[in-house]
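Assemble chain G onto chain R, guided by the hints.
Line by line, the protein sequences are chains R and G. Per our numbering, residue 1 is the first one in the first sequence, and the count goes up by one each step. Per our numbering, residue 1 is the first one in the second sequence, and the count goes up by one each step.
Honestly, the hints are just simulated from the structure, not real lab data. Don't take every hint at face value.
No farther apart than 20 angstroms at their CA atoms in a straight line, the calculated lysine-lysine pairs in the PhoX-like style are these [to be verified]: (1) R:Lys81 with R:Lys179; (2) G:Lys241 with G:Lys179; (3) R:Lys322 with G:Lys42; (4) R:Lys81 with R:Lys42; (5) G:Lys42 with G:Lys81; (6) G:Lys81 with R:Lys322; (7) R:Lys42 with G:Lys42; (8) R:Lys81 with G:Lys322; (9) R:Lys42 with G:Lys322; (10) R:Lys241 with R:Lys179; (11) R:Lys250 with R:Lys42; (12) G:Lys250 with G:Lys42; (13) G:Lys179 with G:Lys81.
What follows is a list of derived Cβ distance ranges for each label pair [unchecked claim]: (14) R:Leu104 with G:Asn290: 27 to 35 angstroms; (15) G:Thr285 with R:Ala239: 56 to 64 angstroms; (16) G:Arg167 with R:Arg67: 53 to 61 angstroms; (17) R:Val123 with G:Asn290: 21 to 29 angstroms; (18) R:Arg50 with G:Ala345: 25 to 33 angstroms; (19) G:Lys179 with R:His117: 52 to 60 angstroms; (20) R:Val123 with G:Gly346: 47 to 55 angstroms; (21) G:Gly69 with R:Leu164: 53 to 61 angstroms; (22) G:Asp119 with R:Gly298: 47 to 55 angstroms.
In this text, all values refer to a predicted model and were calculated from it rather than measured experimentally. For each residue, glycine too, the CB sits at the ideal point set by N, CA and C.
There are 2 protein chains.
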Amino acid sequence: MTEFGLEIAATDGAARTGVIHTAHGDIRTPAFMPVGTAGTVKAMLPQSVRETGADIVLGNTYHLMLRPGAERVAQLGGLHKFMDWQRPILTDSGGFQVMSLAKLRKITEEGVRFRSHIDGSEVFLSPERAMAIQGLLGSDIQMVLDECPAFPASERDIETSLALSMRWARRSRAAFAGKPGQACFGIVQGGVYPHLRRRSAEALQEIGFHGYAVGGLAVGEGQAAMFEVLEATVPSLPADKPRYLMGVGKPEDIIGAVKRGIDMFDCVLPTRSGRNGQAFTRQGTLNLRNARHAEDLGPLDPGCACPACRQFSRAYLHHVVKAGEIIAAMLLTWHNLTFYQDLMAGLREMIAQGRLSADSGSPFAP
Amino acid sequence: MTEFGLEIAATDGAARTGVIHTAHGDIRTPAFMPVGTAGTVKAMLPQSVRETGADIVLGNTYHLMLRPGAERVAQLGGLHKFMDWQRPILTDSGGFQVMSLAKLRKITEEGVRFRSHIDGSEVFLSPERAMAIQGLLGSDIQMVLDECPAFPASERDIETSLALSMRWARRSRAAFAGKPGQACFGIVQGGVYPHLRRRSAEALQEIGFHGYAVGGLAVGEGQAAMFEVLEATVPSLPADKPRYLMGVGKPEDIIGAVKRGIDMFDCVLPTRSGRNGQAFTRQGTLNLRNARHAEDLGPLDPGCACPACRQFSRAYLHHVVKAGEIIAAMLLTWHNLTFYQDLMAGLREMIAQGRLSADSGSPFAP
Numbered sequence: 001m002t003e004f005g006l007e008i009a010a011t012d013g014a015a016r017t018g019v020i021h022t023a024h025g026d027i028r029t030p031a032f033m034p035v036g037t038a039g040t041v042k043a044m045l046p047q048s049v050r051e052t053g054a055d056i057v058l059g060n061t062y063h064l065m066l067r068p069g070a071e072r073v074a075q076l077g078g079l080h081k082f083m084d085w086q087r088p089i090l091t092d093s094g095g096f097q098v099m100s101l102a103k104l105r106k107i108t109e110e111g112v113r114f115r116s117h118i119d120g121s122e123v124f125l126s127p128e129r130a131m132a133i134q135g136l137l138g139s140d141i142q143m144v145l146d147e148c149p150a151f152p153a154s155e156r157d158i159e160t161s162l163a164l165s166m167r168w169a170r171r172s173r174a175a176f177a178g179k180p181g182q183a184c185f186g187i188v189q190g191g192v193y194p195h196l197r198r199r200s201a202e203a204l205q206e207i208g209f210h211g212y213a214v215g216g217l218a219v220g221e222g223q224a225a226m227f228e229v230l231e232a233t234v235p236s237l238p239a240d241k242p243r244y245l246m247g248v249g250k251p252e253d254i255i256g257a258v259k260r261g262i263d264m265f266d267c268v269l270p271t272r273s274g275r276n277g278q279a280f281t282r283q284g285t286l287n288l289r290n291a292r293h294a295e296d297l298g299p300l301d302p303g304c305a306c307p308a309c310r311q312f313s314r315a316y317l318h319h320v321v322k323a324g325e326i327i328a329a330m331l332l333t334w335h336n337l338t339f340y341q342d343l344m345a346g347l348r349e350m351i352a353q354g355r356l357s358a359d360s361g362s363p364f365a366p
Numbered sequence: 001m002t003e004f005g006l007e008i009a010a011t012d013g014a015a016r017t018g019v020i021h022t023a024h025g026d027i028r029t030p031a032f033m034p035v036g037t038a039g040t041v042k043a044m045l046p047q048s049v050r051e052t053g054a055d056i057v058l059g060n061t062y063h064l065m066l067r068p069g070a071e072r073v074a075q076l077g078g079l080h081k082f083m084d085w086q087r088p089i090l091t092d093s094g095g096f097q098v099m100s101l102a103k104l105r106k107i108t109e110e111g112v113r114f115r116s117h118i119d120g121s122e123v124f125l126s127p128e129r130a131m132a133i134q135g136l137l138g139s140d141i142q143m144v145l146d147e148c149p150a151f152p153a154s155e156r157d158i159e160t161s162l163a164l165s166m167r168w169a170r171r172s173r174a175a176f177a178g179k180p181g182q183a184c185f186g187i188v189q190g191g192v193y194p195h196l197r198r199r200s201a202e203a204l205q206e207i208g209f210h211g212y213a214v215g216g217l218a219v220g221e222g223q224a225a226m227f228e229v230l231e232a233t234v235p236s237l238p239a240d241k242p243r244y245l246m247g248v249g250k251p252e253d254i255i256g257a258v259k260r261g262i263d264m265f266d267c268v269l270p271t272r273s274g275r276n277g278q279a280f281t282r283q284g285t286l287n288l289r290n291a292r293h294a295e296d297l298g299p300l301d302p303g304c305a306c307p308a309c310r311q312f313s314r315a316y317l318h319h320v321v322k323a324g325e326i327i328a329a330m331l332l333t334w335h336n337l338t339f340y341q342d343l344m345a346g347l348r349e350m351i352a353q354g355r356l357s358a359d360s361g362s363p364f365a366p
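Chain R on its own, in the form it takes in the complex:
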């Protein structure tokens, strides 16, 4: 029976590379988790997600609890079987989406009451229910329910929110009924205030989690502020547990966060950008809608081995983006996820070789 845990193979400055063992297999770290909101990484078959190099995907509790429903997914054999992804799955707690997507939210000590953005029905989410849902889904890494304050917020508001999140973290941890190889992660909050971040990190460790996430970032504070928060927070987290920076981010954000000791990331950027005709390449970000690609026989990214780059020209990609063809979303999503996984593989290799702290520190730098 697999026990959940991080095995560090090498460190380089604050950065580390290794493997996280889970009930559904290993995750090579630093890891990028494609977002599979509603039981699908949009525009990708699960085998294609795997082909990009992903070891783990993220599922959204908020979306899945509303449709098709956690009890139904459980009855159908769990999320892995439902979406045919037999590797690790991390689920968020639903808190962030309730704040950003749902209508008529009311937060109390008990939890949050809201209306579904799909059918307007009233739903209640508590720390206990968030964990029960993630258990029903069969998630390998389950996140505590926290409150996600809007940015910017005053120190006082952040402190109040943080206190609630820490009480919810304790209730979430108590409600977590993990099977062998499953994990429960706490989430450090505290806005851009270093002392609140440290307080949060310490409070979570008192409770005790299998891993620690840093939440409430990439909400508009900017990269410099984000890196400052990481520098204030990461040293307060245990070295032997996975660290997950939620909702981040751009390639340069990920590189900087890995250098500051983060092991796991998720972000909709590669998938959402792909559906919008945007591509991440070793030569920078490209908008395929741009007319300058219309007659370009060259590949999207000569350094990439994905189907979009191997089989098609920029001219073709431009054409299918302009024509609104589904294959545009399929190919650019596949490419962007490959780019992100190539980035992570490059970072892992640089850390293993002790090169990440020594030079410009980007796997794709010239």
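Structure of chain G alone, referenced to chain R:
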């Protein structure tokens, strides 16, 4: 150097099975051609189209001439390279789409002038231009420009239209500058009038083509009338040349047409239905949007080996259709195309074994 032509391996009543040789490889007949309107079979990668068993796809001259433009496709190396489909391609002449999609059409002896449905620009299409475009695309099987009268139409109107189509057919054939292995097909018109169909078939043979299509059907005349037209037309066509029934159709239409001697088909039904949550199965047509599938752990079609049927439950397909996820279009298109190719493979086998005329005559019948 491949010479274009049909090689018949077996016959069974009026039905035949064999192979058509083309510049880009062989087509097993009877053949179903998935529609790849704008340089993509919607929601499919080309390798996935091939995995369904397709030997040939259809491209639409009308769409490709408007975007990205035939000259541009030629400059980019031709349609095969552009869309990464290295097997045979048949292109229509654009005539049918001009009639159904374009605005402000004006038909003269010279050709048809219309406004693009994409940007409103004025475009002129003549028999000569239709063939030039198909040559620029590099199409293996090029169709003559014909006039497609609306249904219903009087015998007199059909006769007038037919006369124009036959003059255009002569001009198209003269303008066809085929390379080795490429073909030019004439199109039999004549509405539901047997003597006009026969007149058209004879007029085309006087001109001489590499293959003969039956056009102007599946426009609302019904299956019985369509089969009557085939029974009146096919015997007037040369036995040693491919016969192509344009825009058909439902599985039962295809079975009946194969029994009446047709070798090739195209239709948007499997792809369009797939994008609309409809699936063709050995148990009949299913609407995956229907709530009765919500908890069904069974496969879409137990007799099918496509990814939708191998990897997922009906409950999952229902969920992604309801959620409007791109994977729904991907999986159901893949399934429907597989169903159509399995149907064609079954028909080929039944003809080879002399069983198609002998029994109920459907590969999927119990």
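Comparing the hints with the structure gives:
no.: 1; hint: R:Lys81 with R:Lys179; result: holds, 17 angstroms
no.: 2; hint: G:Lys241 with G:Lys179; result: holds, 18 angstroms
no.: 3; hint: R:Lys322 with G:Lys42; result: holds, 14 angstroms
no.: 4; hint: R:Lys81 with R:Lys42; result: holds, 17 angstroms
no.: 5; hint: G:Lys42 with G:Lys81; result: holds, 17 angstroms
no.: 6; hint: G:Lys81 with R:Lys322; result: holds, 19 angstroms
no.: 7; hint: R:Lys42 with G:Lys42; result: holds, 16 angstroms
no.: 8; hint: R:Lys81 with G:Lys322; result: holds, 19 angstroms
no.: 9; hint: R:Lys42 with G:Lys322; result: holds, 14 angstroms
no.: 10; hint: R:Lys241 with R:Lys179; result: holds, 18 angstroms
no.: 11; hint: R:Lys250 with R:Lys42; result: holds, 19 angstroms
no.: 12; hint: G:Lys250 with G:Lys42; result: holds, 19 angstroms
no.: 13; hint: G:Lys179 with G:Lys81; result: holds, 17 angstroms
no.: 14; hint: R:Leu104 with G:Asn290: 27 to 35 angstroms; result: holds, 31 angstroms
no.: 15; hint: G:Thr285 with R:Ala239: 56 to 64 angstroms; result: holds, 59 angstroms
no.: 16; hint: G:Arg167 with R:Arg67: 53 to 61 angstroms; result: holds, 58 angstroms
no.: 17; hint: R:Val123 with G:Asn290: 21 to 29 angstroms; result: holds, 25 angstroms
no.: 18; hint: R:Arg50 with G:Ala345: 25 to 33 angstroms; result: holds, 30 angstroms
no.: 19; hint: G:Lys179 with R:His117: 52 to 60 angstroms; result: holds, 56 angstroms
no.: 20; hint: R:Val123 with G:Gly346: 47 to 55 angstroms; result: holds, 49 angstroms
no.: 21; hint: G:Gly69 with R:Leu164: 53 to 61 angstroms; result: holds, 60 angstroms
no.: 22; hint: G:Asp119 with R:Gly298: 47 to 55 angstroms; result: violated, 27 angstroms
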